[in-house]
Structure formats: structure tokens, C-alpha cells
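J.: Spelled out, the chains give:
Number of protein chains: 2
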Amino acid sequence: MIRVNPNYQKLQSSYLFSTVAKKVKDFQTNNPQKPLIRLGIGDVTRALSPAIIKAFHEGVDEMAADETFKGYGPEQGYSFLRELIAESDFVSKGAKVSAEEVFVSDGAKCDTGNFQELFSQDIRIAVPDPVYPVYVDTNVMAGRTGTFVDGRYQGLTYLDSNPENGFVPSPPNHAVDLIYLCFPNNPTGACASKDDLKKWVEYAHQHKALILFDAAYEAFIRDPALPHSIFEIEGAREVAVEFRSLSKSAGFTGTRLAYTVIPKEVKVYDESGNAQSLHEMWNRRHTTKFNGVSYPVQKAAGAVFSAKGKVESKALCDYYLENALIIRKTISDLGYKVSGGLDSPYVWFDTGMDSWQFFDRLLNNQGVVCTPGVGFGQSGQGYARFSAFNHRQNVIEAVELIKKELSRS
Amino acid sequence: MIRVNPNYQKLQSSYLFSTVAKKVKDFQTNNPQKPLIRLGIGDVTRALSPAIIKAFHEGVDEMAADETFKGYGPEQGYSFLRELIAESDFVSKGAKVSAEEVFVSDGAKCDTGNFQELFSQDIRIAVPDPVYPVYVDTNVMAGRTGTFVDGRYQGLTYLDSNPENGFVPSPPNHAVDLIYLCFPNNPTGACASKDDLKKWVEYAHQHKALILFDAAYEAFIRDPALPHSIFEIEGAREVAVEFRSLSKSAGFTGTRLAYTVIPKEVKVYDESGNAQSLHEMWNRRHTTKFNGVSYPVQKAAGAVFSAKGKVESKALCDYYLENALIIRKTISDLGYKVSGGLDSPYVWFDTGMDSWQFFDRLLNNQGVVCTPGVGFGQSGQGYARFSAFNHRQNVIEAVELIKKELSRS
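Going line by line, the protein sequences match chains H and F.
First residue of the first sequence: 2, per the numbering used here; consecutive thereafter.
First residue of the second sequence: 2, per the numbering used here; consecutive thereafter.
Please note that a few of the clues may not be correct.
A pair counts as met if it fits within one copy or between any two copies, since identical chains are not told apart.
What the hints assert, rightly or not - Calculated cross-link-like contacts (lysine to aspartate or glutamate; reagent style EDC-like; alpha-carbon spacing at most 20 angstroms):
#  : residue 1 : residue 2
1  : K265      : E239
2  : K11       : D123
3  : K11       : E272
4  : K311      : E235
5  : K11       : E118
6  : K26       : E101
7  : K209      : E266
8  : K330      : E401
9  : K265      : D123
10 : K338      : D319
Note that these hints are calculated values from the structure, not bench results.
Computed from a prediction, not measured in an experiment: that's the story for all the values here.
Make a model of the complete structure from these sequences and hints.
T.: Right under this line is the structure:
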């Protein structure tokens, strides 16, 4: 008899964004005439920029002739792209990373979700709370947690992110083995300073722990004092992996390209305490379970790192950052406590009521979609997240509606 | 201390095709002047067809304007594509499949590799031998096997494919829970008849087992008596999942698009024997760990199912099938026993020596790359696989070189 992975039964309802999508669909079915503005899921709305489109077409044209056609590429990504990424995103910004340490993939969701496969079943895991649900759900599926009790999975160490710590948690006072961090943070919009990250790198060295650093939103950092990569921190190359994505930085949510950096120095250990190469392990996983990213997409991605592409991508992020500032200012001016919206496309604020209650009110009364904070974890209860990824006119209309709703409550 | 998944240490050397690639690279470094013809990895060489290229460009153009831009799509794939697949590949050919049962992904390698995650750790697994290494390696990584002893992982049931059974194994005489089948077969090129598949479907019903049916090569079937889908067999919708891919049928190895069909009737069981929906479980997995296929790639894939696209794709497969026939005839005429090459792009034959020895001889003496049969499993020892995916001129030159080498031995 074919028996299922029993851990799936521990999962709470469906994936957060699927639940939001269902509620939105129901609203639209019941209110076919009402306009709807989506500031929920962090999904970009503006076209790919001209440099990217040009390269994308060129990539497609190469596929049209036998002489230039590309079949299977290297699973890790084409060298031209890995070299551009290492140079543009790291070396030129003072972080040592080589092209061979860059693994190209079709999404940071896949990579952050799949990475846990490399580790033992009984490692101790720390996740921020609130947290991007993928880190948690994939470990639940793998059987590394107990059941869900009072809003939390047993066996995980939750790192509370709250106004007291500026939504940047410190290392716990006990040992954990695997730590998920994300800065600029999804969902709180908070950024970690170099000193904050130094504490984590020191902690990882002390406990032989590994940091999985999600930097999917680094392109939104404008404050020159803030680190873009964990590899700007001394010693991080021995204890950290970094996830990057073009989804938000270059509008690739529907085009699909991300990359993961695994320094060759990162050591992980077998049961006898012998060091193993994490780089080699991921390479084995990546070549066995993945077949590389579509060639024209890699060609398009290369253009993001051209002189023209860099200017265009920065302008795109600036546009969304202005949206974020408009949302932040609106809510802040009404006297609400706000995090994010600076150096981040997310605005996080305390609604003063239950998160789903606020979500339902804002949707049903005003036709505006947010993401309920409690969907990201217990510490997100009472909060809501607004995404700045939308057209300016929609954001301007949305903040008027948000203002109306917040004045009612 | 961050400890690794100990199962990775059970894996034998590196992934087969990485080893072949390394040997080829070494040969090229040592013989920079010598020509090389690749009939090893099954990688297409001919350009995407005009209908596909046109749609691919249109998809890119849609990404160039805010009004038509696509961000995150449904993780399961766009409805337009799922509907085309269900209608063209199944319904119109007499197999009942609905669009909702089709999950679009970036590769059958990913899907066949990831699917095992849905099941309990202690299920009993049967794989053919020889076998596409991904089925085995992903279960090794997940801890469902013992160590590698005498060419086989302990705990797996190997289904010998040999000349006696025409390379189509029958169900074992004991109960297993999960069965991997692939027809037309990679690597043997053998095809299963409807009667062969009926036996497996009956077996699965009898033992409440699940069949994972890899039909990545169905587009090469020309014999009207052979089934293209396991869903042509009565009762299969309760006990089977089918994997399809555009990689070989439409030249998508570098473009990336595949799909997996999970009928809503398929039942799997929890520890108490209660039935669960496999469709729902995969949907949960797919939405949590995957973010959909690149939109322009889905648009291009849609064109494969247009009237023009169907004609072009058939012509492409016919071209490779002619190559296969040339290879098959050459080897057969020399008196060697050959399988495949009819209704299949692979030719499989008994070399009369150790597989790697033949691989090395053919590479070093003639500059022709094959895939050593033993790389697919113990029962492949002594065999070699030739892929028909190459340009005609290369195949014509290769068969002369193969003839030369086989006449030497």
C-alpha cells in the first residue's frame, strides 16, 4: 500500500498566498463591479526594461537556427551569466565571490525551499517570526518539526521580530544549527546593519551553525551604511549561503531567474564531525534534480548586468521605493507605528486588530488587498503588510482607501 | 553543529552524465585537433520550429509593455496551456485527462526527482534495471535505500530488463508500493504494449501501489498498436501518474517545459489506511516549492499544440527517428543484438565487453561519445546506448566510425 509522507498532515491549511488569492477571488465573484487594488503579494507590475527585452529576443533568435541553438546548458547556469553575477553583484561591491560559487536557478522560492534537503533530519532550526512561510513549510514537509500548537510548530526556535528589537532579532542564547535570515526583511521591511550581521556570523562560528541568508530584496537598499550581502561581513564565507533573485530587482517574477551563492569555504559536518563541502553537496543535488534555466531567460538576465540594464533596473526599484514611501507616510501620518518602506518595498504596520479581520475589512469595505501579518507567524498577529509593487496611480488611489478604512476603525 | 543528510554519502560517484562529460572534456583537452561526435546524452540539436519561435517572441513582447506584462503566474501553469495539453495530448487520443489534472513544470527531471517527497520513508520501491538514474538517486538522497553493494542499492526491488523479456519487465511476485516505469524506455528504447501495461495496472490495483509512468519519449511512437499514455489503460486513472516533456518532442531541452498528469481519482493512504488525494498533495508541494514556468516559455509551449506546431514537431521527431534507424541498422547488420531505434530515439546494444571499456575505446579511438549501459544499472553492464539526437551528417559519419570500432573488437 502506497503510504504518504505523514508530515504533510501537520501543514496548516494552505499556503498563505493561496488563501489570500481565494478570498480575493470570492470577493470578485460577489462584487463583479467593484474595483480592486492589489497590495498583497509582492508581485511586480511594470514591464521588463528595454535592455532586457532586447537580449531576451536575441536569445529566442539563437534558438531559431541550428548553428546557434542551445540544448541542455550547464545545470549551474551558463558561465557568462555566473561571471556577470559574481562581478557585478559581489566583487565590484567589495564581497569576494567567484563565478563557480554562483548557482543559477529558476527561483529563490525553489532554492530556499530545497536547501534543507542537504541536512540531517534532527538539526535544530531557527526562523524569524514573522517569516516567509516557505522556510517553515518545507521543513515541516521534511519532518523536522513537531505538530502545530498555539500558532507554532514544535521543535523550531522562533526568533521574535518586534518593535523592541527593531524587527531584527539577535542570536538565541542556546545553540541552533541552521538559521534562516532575510534582510531587507520580508514581511517587516526591516534592514540589518553590519553590526547585526556580525553578531550572527560570530554566533555561527561559535556553534558551527549555518546561516541561510535571503537577500532577495537587497536592490532596494539606498542607505550606504547598510550591507547588501552577508559576504561583506568578515568570516561569513565559512558559515553562510546567500540567496538572490531578479524577481523584484529586475521585474522577473513571471520570467523566473534567481541565484544562490555557496562559498567553497563553507563546511558542514557528518555524524562523526568530519567536515564536508556544502558547495559539492549542493552541486550534486542541483545536477541530479534540476536541468538549468531556459537559455533565452539566462540571456535576458545577462542584460540586467549591462551598463544600460543596471540603470534601468535601478530606475525600476526607485519607482517602487517611491510607492513604498507614499504608503509608509500615509499610515505613519495617521499615527500608526510603521516598519519598512525605506530600503525595502514592504510596509509593515500594527493594525490594532486581528490581522485577518483587518484583511477582510480592507478587502470588503475598500477593495484593497494587503497580506495579513499573522500569515507570516504568531508575532505577525495584529500586523498587515503592504507591497509597494504596483502602478503609481493604483498606489495613490489605494492610500486614500486605506486612509478611509483606518479612519473608520 | 550543522550536520549533513547522511544519505548523500551512499551516492555512487557523480551523476552518470557528469562523469561522461568529464571524460569527454579530458579527451578534448588531450586531443584538441580531433573531431568529436556526441551520441551520448539525449540532447536535441535542431532549432525550435517557426511556430514556436513566433509565439516565443510574442511572449517576450507581452513582457515589454505594462498593459500585457505578466508577473507571477499560477504555479500549476496558465490555463490556456493546461487546456491545450489535456485536449491535444490526451482527450483527442482517447485518454480522459482534464486541464486541472495537468501540472506544468520546468522539467520532467525535476518532477520525477521531486515526486518521491510525497511518500512515507519506508515504502517499498521498484525500479527497472537499467534505469534513468534520477529515479534511484533521488530516493537514495531521501534515505529510502540501504548502501550500494555489488552494483545495487539495498532495499530497492530491481526489475531486470533483458533480452529474455524484451526489455519490458513484468510485475514482481511480491508486493511493492511505488513503481517507476518508462516507455518508450530510456535507455533500452523498448516499448510496452497495452497488454504489458494492463498487467502493471492490475498489479497496482491488487497491491494499492502507485505507478509513476515516464512518457517523455511518447512522441516517437509510430506503431499504431502501441499506447502513448498509461491512461489509455482501463483503471489507470486510479493508480498512475504520468510525466511528459517537450524536451525531446519539440526540442525544448534548453527551453525547459514539462508537465505531470495526476488524475483526481488517484488515492494514496495514511498510516491508518485512510485514502488521501495525491492531486491535492502534489498541488501543496508544487505551490510551496515552485513558482511556475517563465511566461514566454509557456507561450512558446502553447504553439507546440497549434496545427502548425504539431506538423513541425512531428517532422522534428521523424528526423531523429531516421537517425535512430540508421544507427540501429548499422549495428544490427554487424551481427549485434539491438533494442530500440524503432518508436524510440535510443539504440541499445550488447557491446560484448565491459560498458565503460567500450565507452573509452569508442571515445579514444574514434572520437564518438555513447553512454555506457552500466551507468544505468547492473543489468546494463556490457551494453551501450546511442542517442539519435544529432544532425544527420554527424550520424552518418558516426556510424562509419562505430562500424570501424566494432570491426576491430
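J.: Each hint needs a verdict: does it hold in this structure or not?
T.: Status of each hint after checking the structure:
{"no.": "1", "hint": "K265 / E239", "in the structure": "within (8 angstroms within a copy, 47 angstroms between copies)"}
{"no.": "2", "hint": "K11 / D123", "in the structure": "both (17 angstroms within a copy, 19 angstroms between copies)"}
{"no.": "3", "hint": "K11 / E272", "in the structure": "between (28 angstroms within a copy, 14 angstroms between copies)"}
{"no.": "4", "hint": "K311 / E235", "in the structure": "neither (27 angstroms within a copy, 57 angstroms between copies)"}
{"no.": "5", "hint": "K11 / E118", "in the structure": "both (18 angstroms within a copy, 15 angstroms between copies)"}
{"no.": "6", "hint": "K26 / E101", "in the structure": "between (44 angstroms within a copy, 17 angstroms between copies)"}
{"no.": "7", "hint": "K209 / E266", "in the structure": "within (13 angstroms within a copy, 47 angstroms between copies)"}
{"no.": "8", "hint": "K330 / E401", "in the structure": "within (12 angstroms within a copy, 75 angstroms between copies)"}
{"no.": "9", "hint": "K265 / D123", "in the structure": "neither (25 angstroms within a copy, 34 angstroms between copies)"}
{"no.": "10", "hint": "K338 / D319", "in the structure": "neither (24 angstroms within a copy, 66 angstroms between copies)"}
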